[in-house]
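All chains, full assembly: derive it from the sequences and hints.
If you use the numbering used here, the sequence shown closes out at 77, no skipped numbers anywhere.
The hints are simulated quantities; they were obtained by calculation from the structure and are not laboratory data. Hints are supplied without guarantee of correctness; some may be wrong.
Cβ pair distances, simulated, as ranges [what the hints assert, rightly or not]: (1) 11 / 61: 40 to 48 Å; (2) 1 / 61: 36 to 44 Å; (3) 56 / 13: 35 to 43 Å; (4) 1 / 55: 34 to 42 Å; (5) 15 / 69: 12 to 20 Å; (6) 34 / 6: 37 to 45 Å; (7) 64 / 30: 19 to 27 Å; (8) 2 / 53: 36 to 44 Å; (9) 35 / 67: 25 to 33 Å.
Restricting the straight-line Cα-Cα distance to at most 16 Å, the calculated cross-link-like pairs of lysine to aspartate or glutamate (EDC-like) are [as the list claims (entries may be wrong)]: (10) 48 / 21; (11) 48 / 29; (12) 48 / 65; (13) 76 / 42; (14) 48 / 28; (15) 76 / 7.
Think of the CB as a built atom: it goes at the ideal place given N, C-alpha and C, for glycine as much as any other residue.
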Amino acid sequence: FNTFFSETGAGKHVPRAVYVDLVPTVVDDVRTGTYRLLFHPEQLITVKEDAANNYAIGHYTIGIEIVDLVLDRFRKL
Numbered sequence: 001f002n003t004f005f006s007e008t009g010a011g012k013h014v015p016r017a018v019y020v021d022l023v024p025t026v027v028d029d030v031r032t033g034t035y036r037l038l039f040h041p042e043q044l045i046t047v048k049e050d051a052a053n054n055y056a057i058g059h060y061t062i063g064i065e066i067v068d069l070v071l072d073r074f075r076k077l
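This is how it looks when you write it as structure tokens:
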């Protein structure tokens, strides 16, 4: 069970998952939707700028800015 879920200090189990998206609208739906209490807010990572479906922009400019943050979140899992 602990492979897929982490137990919080309050005894709540949250999924061991990190959601990363350059477009905040999809992850914001999770943040404000029905399942908002299921995920820890630190596991939902977005940026304010969209890559507009351009791989080069997402990979070399916008995406590179959040790599350290994403890797840090994976280490904390």
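Hints versus structure:
{"no.": "1", "hint": "11 / 61: 40 to 48 Å", "result": "holds (42 Å)"}
{"no.": "2", "hint": "1 / 61: 36 to 44 Å", "result": "holds (40 Å)"}
{"no.": "3", "hint": "56 / 13: 35 to 43 Å", "result": "holds (39 Å)"}
{"no.": "4", "hint": "1 / 55: 34 to 42 Å", "result": "holds (38 Å)"}
{"no.": "5", "hint": "15 / 69: 12 to 20 Å", "result": "holds (19 Å)"}
{"no.": "6", "hint": "34 / 6: 37 to 45 Å", "result": "violated (21 Å)"}
{"no.": "7", "hint": "64 / 30: 19 to 27 Å", "result": "holds (24 Å)"}
{"no.": "8", "hint": "2 / 53: 36 to 44 Å", "result": "holds (38 Å)"}
{"no.": "9", "hint": "35 / 67: 25 to 33 Å", "result": "holds (26 Å)"}
{"no.": "10", "hint": "48 / 21", "result": "holds (10 Å)"}
{"no.": "11", "hint": "48 / 29", "result": "holds (15 Å)"}
{"no.": "12", "hint": "48 / 65", "result": "holds (12 Å)"}
{"no.": "13", "hint": "76 / 42", "result": "holds (10 Å)"}
{"no.": "14", "hint": "48 / 28", "result": "holds (11 Å)"}
{"no.": "15", "hint": "76 / 7", "result": "holds (13 Å)"}
Violated hint for the displayed structure: number 6, the only one.
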